[in-house]
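Q: Quick note, the sequences are listed as chains A and B, same order.
Going left to right, the first sequence walks through residues 1 to 493 as the working numbering numbers them.
Going left to right, the second sequence walks through residues 1001 to 1293 as the working numbering numbers them.
Be a bit skeptical, because a hint or two may be false.
[Stated by the list, open to error] Examples of chain B residues lying across from chain A (beta carbon under 7 Å, computed): (1) A1024; (2) V1025; (3) D1044; (4) D1216.
[Stated by the list, open to error] Going by beta-carbon spacing under 8 Å, a handful of chain B positions derived as facing chain A: (5) D1012; (6) G1013; (7) P1014; (8) L1043; (9) C1047; (10) L1213; (11) A1214; (12) P1215.
[Claimed, not checked] Label pairs and their computed distance ranges (CB to CB): (13) A1037/B - E419/A: 33 to 41 Å; (14) C1047/B - D202/A: 55 to 63 Å; (15) C1047/B - D388/A: 49 to 57 Å; (16) V1025/B - G407/A: 39 to 47 Å; (17) E419/A - S1253/B: 40 to 48 Å; (18) G1041/B - T172/A: 57 to 65 Å; (19) A341/A - A1067/B: 55 to 63 Å; (20) R7/A - S1065/B: 24 to 32 Å; (21) V1025/B - D202/A: 53 to 61 Å; (22) A1037/B - D202/A: 33 to 41 Å; (23) N1129/B - M411/A: 53 to 61 Å; (24) P1154/B - R7/A: 53 to 61 Å; (25) A1037/B - R7/A: 26 to 34 Å; (26) S1065/B - E419/A: 43 to 51 Å.
These aren't lab readings, by the way, just hints derived from the structure by calculation.
A virtual CB, placed ideally from N, CA and C, is assigned to each residue, including glycine.
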Amino acid sequence: MADDAIRCDACPVLCYIKPGRTGACDRYANADGQLVRLDPHVVLERAVSRGDTVVPFLEKSREWGGALLSGEETFVTAIGAGTTYPDYKPAPFIISSEVAGVDMVTVVTEGIFSYCGVKLKIDTDRHLGAECSTVRAQGEAVGHVTTNEYGSQMLSLGGVRHLTGGSRREGTATCDALLNLCNRKAVELKIDDGATVIVQADKAPIVDSVQEERMRVGCGSATIGMFAKQWFGKVDEVVVVDDHITGVLSEHQAGKLLGVPESGIKLKGRRSTPGRYFRVAEPGTSWGGTNIDDPLSILGLFDRKVARRGLRLLMVSTTGEHHAYFELDESLHPVEKELPAALRESVERIRENCEPALCTVLFMGGAGGSLRAGVTENPVKLTHSVRDALTRVTCGGAPVYVWPGGGITIMADVSRMPENAFGYVPTPALVAPIEFTLKLSDYATLGGYMDHVRPLSSITSINRDEESRRRLAARPDNPWPLTSDKSREKNGQ
Amino acid sequence: MLPDGLRLHMHDGPIDVIVEAFGAVSEIEVAYRAAAARFVGVLDELCGELEFLRRRACEDGDLPSGAIARRMLAAVRPYASRIFITPMAAVAGAVAEEILEVMTSAAKLSRAYVNDGGDIALHLAPSENFVVGMVERPDRASLFGTTTIESGDPIRGIATSGWRGRSFSLGIADAVTVLADKAAMADAAATVVANAVDLPGHPRVGRVPACDLAPDNDLGERLVTQSVGELTPGEIRDALEAGILVAESLCGSGLIRAAALNLHGETRVVIPVETGLAPSPSAAVHDRSLIHA
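Construct all of the structure, not just a fragment, from the sequences and the given hints.
A: Written out as structure tokens, the structure is:
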């Protein structure tokens, strides 16, 4: 074709599309020589011709070989909806949409959360810092180290005391760190007397410049339990080095059951129960989350009465990342040798069983009285309605966990929200999307702003300023707030 | 499934089909599975013979190999000796027809329709009927009329064509809706009648060679309508009359059963008396009615 038409390869029709024109499907277009997905606005006009309502282009949406979803399944998230503070005015968009004959209402607002923060789960066995240590961003205190969970270190960042209770710089640094984490950007955090860690939602943590790869398969004791059978007969003694509980095969219940004889090994640290030792070394970023580089440094001398020359010893970390193999010489000193092939397999197996290490970021915030007032004239009724499960709360379309007890305190996984869903105000406080979805009749009952309810079509068709709206593919793993149970069942066929 | 939990929506490349079946729930499920299974290969099957299907149809000569392609050719052949027409003029109707046939042979349904972008294939068990709504302008979804199709009528296909629709038109009709025995027949006929609603050489009708808009279009150098300016009542009447002549001749030969022609808000219908069809100019939308344009 001797012109500037382009060949669309989106489907086997392989249309030649001239600049400014669409292909046979009306869904792909040539925009200045670039093949682009069509502006949904144009789809809107065409879709009406097919007796259908608006068809947002949702890829890989559901069953039926890529069938499009349309109309009522357009869900308006709160991102960019705007708000005022305090929320004395009705929420910017109160949208109704008919789902399987039931009029549903979504009250879409952006909440200003001065009571908010993030809970960070960092999958690592490395020691990041002592519990309660201060976590800093840009040198300012933005949170603290909290509990150690199975294979992960939890950090709690933000909260009203860092945001508005400290210095101006502290508040700004906190807000900045929260905003970036919630928008899935990388943030460098320095823990007092601990590690420097770079965290980003859904990415592996980078601890003191080392990218974490795997979570440990279990603690040292659990690892002994899982692999004892595979080691039995191939090696005489195994030590799984772990900052939490270091396991010793011959003394461990799992070894006893198999009949593994005593080896005369002596572990440093404090014995908890047989074969399980606490504090064999100091916490650190090396072997099994300890500070040791030489595994023999956690061993005492072998018992001369029990140990024998040639005894085979495997030492391995809980991720399989560190390992060493020794045999005892005539003076009963361990001498490092090459790992036999039979044991290499078991070390590989430990690695295989370790899941990829990730950072996960949960946004946590409380919907205060004034935000609720943007939804209804009688704010406490909204709280009750959420409690009674009549109202579903979502954050940028993502599901939330609503804490039991008073108020509406929620947690949501930022990786399930659209990108850049969060904003901030100079208070400082985060601006987060929050949607309340309920039946139109229930909305009236709880004192909703019935005269401000707009049908979904008015958002998608009357306001034709596409620039001001962003259309995104729905995440299939997010519960679609406006889908009736009936159609969800059908989709699940 | 569409959010109403009742209709099946299938989409592949330029093909966009909405299906609804009525009957026992288990039968509907069987029908939808059959429809989905058949739909998977449709686009590839058509694209495999696209070059042939974009060429002018001949009254005799080679047959394409695909079942849908054969339906397309059969639907346009009656026109082949008199005018330029390619099997593509019946593609949407032929796809609808094929999907409907697969569904009705797989399951026992009281009623069903397959709506392929406004070209619709119908199934009606005895004593069932469909209420059909018609839209003149795709960008203004209001009905200009409804009609009821009974199981006793021979009509099982509905199609609409016009220059505002998705495909190019040589004429100036906003919408020509045709009722025929089969969807592919209706599709081809709607194209032919819409092309005939015309004011050749009129200065306020903007026309562009089809290949300037879409280089690989089957219409090639032919001028397709891109804009229609203000027309006098006389011009509107003349254009509609030209279309009605064609529609009446198609009715006479049994290629179509009825047609509704719309231009600038003026609607004319062609209905042979013996069919007993009576369009009601009501704007009321019945439950389960089909809205198309």
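Q: Just to be sure I understand the hint, the distance between the Cβ atoms of A1037/B and E419/A should be within 33 to 41 Å; is that true here?
A: holds (37 Å)
Q: Double-check D1012/B for me: the hint is only fine if its C-beta lies closer than 8 Å to a C-beta in chain A.
A: holds (7 Å)
Q: Would the hint on D1216/B stand, with a C-beta cut-off of 7 Å toward chain A?
A: holds (5 Å)
Q: Quick check on the hint: L1043/B CB to chain A CB, less than 8 Å?
A: holds (6 Å)
Q: If I claimed the Cβ atoms of A1037/B and R7/A lie 26 to 34 Å apart, would that claim hold in this structure?
A: holds (30 Å)
Q: Using the nearest Cβ pair, does P1215/B come within less than 8 Å of chain A?
A: holds (4 Å)
Q: At the C-beta level, are A341/A and A1067/B separated by a distance inside 55 to 63 Å?
A: Check passed, 60 Å falls within 55 to 63 Å.
Q: May I ask you to test the hint 57 to 65 Å on the CB atoms belonging to G1041/B and T172/A?
A: holds (60 Å)
Q: Against chain A, run the beta carbon of A1214/B and see if the smallest gap drops under 8 Å.
A: Because about 6 Å separates A1214/B from the closest Cβ in chain A, which is inside the 8 Å limit, the hint holds.
Q: Per the CB criterion, is P1014/B less than 8 Å away from chain A?
A: Check passed: Cβ of P1014/B comes within 4 Å of chain A, closer than 8 Å.
Q: Has the hinted range 39 to 47 Å been met by the Cβ atoms of V1025/B and G407/A?
A: holds (44 Å)
Q: Against chain A, is G1013/B within 8 Å by beta-carbon distance?
A: Cβ of G1013/B sits 3 Å from chain A, so the hint holds.
Violated hints, listed in ascending order, are 1, 2, 14, 17, 21 and 24; each of the other numbered hints is respected by the structure.
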